[in-house]
Amino acid sequence: MNAAALLVNLAVTAGVTLAVMLVAFAAGVRTGRHRGVDVAWGLAFTALALTGYGLSGGYGDPARRLLVTLLVTVWGVRLSAHIGWRSRGADEDPRYARMLARAPAGPARTRYALRMVYLLQAALVWFVSLPVQVAQYLPDPLGAVDFAGAALWCVGLFFESVGDWQLARFKADPAHRGRVMDRGLWRFTRHPNYFGDACVWWGLYLFSAHHPAALLLLPSPLVMTWLLAFGSGKPMLERQMATQPRPGWDDYVARTSGFLPLPPRRR
Numbered sequence: 002m003n004a005a006a007l008l009v010n011l012a013v014t015a016g017v018t019l020a021v022m023l024v025a026f027a028a029g030v031r032t033g034r035h036r037g038v039d040v041a042w043g044l045a046f047t048a049l050a051l052t053g054y055g056l057s058g059g060y061g062d063p064a065r066r067l068l069v070t071l072l073v074t075v076w077g078v079r080l081s082a083h084i085g086w087r088s089r090g091a092d093e094d095p096r097y098a099r100m101l102a103r104a105p106a107g108p109a110r111t112r113y114a115l116r117m118v119y120l121l122q123a124a125l126v127w128f129v130s131l132p133v134q135v136a137q138y139l140p141d142p143l144g145a146v147d148f149a150g151a152a153l154w155c156v157g158l159f160f161e162s163v164g165d166w167q168l169a170r171f172k173a174d175p176a177h178r179g180r181v182m183d184r185g186l187w188r189f190t191r192h193p194n195y196f197g198d199a200c201v202w203w204g205l206y207l208f209s210a211h212h213p214a215a216l217l218l219l220p221s222p223l224v225m226t227w228l229l230a231f232g233s234g235k236p237m238l239e240r241q242m243a244t245q246p247r248p249g250w251d252d253y254v255a256r257t258s259g260f261l262p263l264p265p266r267r268r
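Residues in the sequence shown are numbered consecutively from 2, following this note's numbering.
Please note that the accuracy of each hint is not assured.
Said to hold, decoys possible - The following label-pair restraints were derived from C-beta to C-beta distances:
1) 249 / 214: 43 to 51 Å
2) 184 / 91: 18 to 26 Å
3) 142 / 177: 19 to 27 Å
4) 184 / 103: 36 to 44 Å
None of these hints come from the bench; they were simulated from the model.
What you are looking at is a predicted structure, and each value in this text was computed from that prediction instead of being measured.
Glycine included, C-beta positions come from ideal geometry on N, C-alpha and C.
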C-alpha cells in the first residue's frame with residue numbers, strides 16, 4: 002500500500018467532509034433550523050467515499066475499491082433520503098434545540114452550533130470512515146473476510162431500512178397515534194435502525210482487516226457503536242420518549258431488548 006498517497010487522501014477527504022458540513026451549516030443558519038445536519042451526515046460519508054475512490058485509482062485493488070465505495074454510497078444516500086423525507090416541513094429537532102439552548106442567543110449561539118454540531122460531526126465522519134479509506138488503498142484481492150464484511154453490511158442495511166420502513170408505515174396510520182411501535186423488527190429491539198447502523202460499519206471495517214495496522218482502525222467502528230448505543234443515539238432518543246410518555250411504553254421497555262435483537266422477555 003502506498004502510504005504517501007493514503008496520507009494525501011486523508012487530507013483531501015478531511016477537506017471534503019468539512020466542506021459538506023459547512024454547506025449544511027450555512028443552510029441551517031439561513032433557515033434557523035439545524036436538523037438538516039442529519040441529512041448532511043449520510044451525504045458527507047458518501048462524498049468522502051467517492052473522493053477516496055477517485056484518489057485511490059492505481060493504488061488499491063479495483064474490485065475492493067469499487068465494492069466498498071458502493072456500500073458506503075448506498076448506505077449514505079438511503080439514510081439521507083430517508084431523514085430528508087421524514088423531516089420535511091418539521092420544526093427544529095428537540096435534540097439540537099436543547100443543545101443550542103445552553104449557549105447565549107445571537108452570534109454566540111451560531112458559533113456554538115458550528116463547533117458542537119457541524120465541526121464535531123465532520124470530525125466523526127472522517128474518523129469513522131478511516132477503515133473505508135484504508136481499504137480503498139489495499140492491493141489485496143477480495144477474500145473471505147471481505148465477503149463476511151459485505152454479508153454483515155447487508156444484515157445492517159436490512160435492519161436499518163426495514164426498521165425505518167416499518168416505523169413509517171406504523172406512524173402513517175391515524176389509528177396508531179399515541180401508541181408504541183412494537184411490531185416487526187421493533188418487537189426484538191427498540192432500535193433496529195441503530196443496531197443496523199452498527200452492523201454496517203463493522204462490516205465495512207472488515208474490508209480493512211488485511212492491513213497490518215487493522216487494530217489501530219478498531220476505534221472507528223467502536224466509536225460509531227458507542228454513539229448509537231450509549232451516546233447521541235439510543236439514550237438521547239429514549240430520554241426524549243420519557244418526557245412524552247405513551248401508554249405501554251414502560252411495558253415495551255421491560256420486555257424488549259434495548260439494542261441487540263433478542264426474543265421478547267416474558268413479564
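Against the structure, test the hints numbered earlier, and report the numbers of the ones violated in rising order. Violated hint (a single one): 3; every other hint is consistent with the structure.
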